[in-house]
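Colleague: Sequence:
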Amino acid sequence: MFVKLFQAAESGIFYVTRLCFQTITRNERFTFMKIAALFFIMLFSLSANAQQIDTFNTGDLEALLDSKSDTVYVVNFWATWCAPCIREIDYFEELHRQGDPLLKVLLINLDFPNQVEGRVKPFMREHDLTATVVNMTEMDYDRWIPVVHNEWTGAIPATLIFNKKRKKFIGTEVAREELFKAVQAFNSKQ
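Oh and the sequence shown: position 179 is 245 in the numbering used here, straight run, nothing missing.
I should point out that these hints are in silico values taken from the structure, not numbers from a laboratory. You may find that some hints are simply not true.
Said to hold, decoys possible - Here are the in silico distance ranges between beta carbons for each label pair:
(1) E243 <-> E183: 18 to 26 Å
(2) H193 <-> D120: 17 to 25 Å
(3) G165 <-> K230: 33 to 41 Å
(4) S133 <-> E204: 14 to 22 Å
(5) N180 <-> K230: 12 to 20 Å
(6) P150 <-> K247: 17 to 25 Å
(7) D194 <-> G125: 18 to 26 Å
(8) E183 <-> K230: 20 to 28 Å
Ideal placement from N, C-alpha and C gives every residue a C-beta, glycine not left out.
Produce the complete structure using the sequences and hints provided.
Modeller: Structure follows, in structure tokens:
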């Protein structure tokens with residue numbers, strides 16, 4: 067599909083270029099060619115930067131939570147249709163972009179798997195998410211919610227911060243300061 071789109075765009079640009087070049091000045095042609103080049107660069111960079119969303123299930127979740135590492139994991143459960151989730155998602159991205167090698171941010175998306183292409187990936191592009199995003203495909207919520215935390219009702223957003231020594235569960239929308247303070251507390255007690 068991408069090849070057909072590229073060919074259509076390419077032929078359309080050459081047609082418009084032929085028409086325009088008959089009536090515009092040399093400086094205008096140069097400007098047009100710069101714009102066309104920028105368009106193709108943007109087109110290729112969008113396809114090159116498309117983020118992969120892996121699937122996640124109860125077994126993956128159990129393996130993650132059984133980690134015996136010094137790494138601090140910040141796991142956020144969210145969905146594109148959840149207004150509080152959307153309000154806080156940038157805080158997790160900011161945390162991820164700090165680049166701390168002993169901090170991993172994982173965004174577990176709870177949209178239906180058939181909505182990944184149409185809703186989740188466009189949302190990720192719109193919010194410029196670079197943190198790891200996975201889509202929970204396990205539809206038996208009663209099976210995996212207690213694995214996360216025994217007090218979790220399943221309401222989102224929800225965040226679990228943990229390492230090999232301890233866990234902190236936040237079962238509501240989190241403020242930026244609260245999130246960063248909680249992560250800092252894990253870092254200072256290692």
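Colleague: Run every hint past the structure and note whether it holds.
Modeller: Hint check results:
1. Checked against the hint of 18 to 26 Å, the pair E243 and E183 fails, with Cβ atoms roughly 35 Å apart.
2. Remark: the range hint 17 to 25 Å for H193 to D120 is upheld by a beta-carbon distance near 18 Å.
3. A hinted range of 33 to 41 Å is violated for the C-beta pair G165 and K230, which are about 22 Å apart.
4. Distance hint check for S133 and E204: the Cβ-Cβ separation is about 19 Å, which falls inside the suggested range of 14 to 22 Å.
5. A hinted range of 12 to 20 Å for the beta carbons of N180 and K230 is inconsistent with their spacing of about 36 Å.
6. Taking the beta carbon of each, P150 and K247 are about 19 Å apart, inside 17 to 25 Å as hinted.
7. Checked against the hint of 18 to 26 Å, the C-beta distance between D194 and G125 comes to roughly 31 Å, which is inconsistent with it.
8. A hinted range of 20 to 28 Å for the beta carbons of E183 and K230 is inconsistent with their spacing of about 36 Å.
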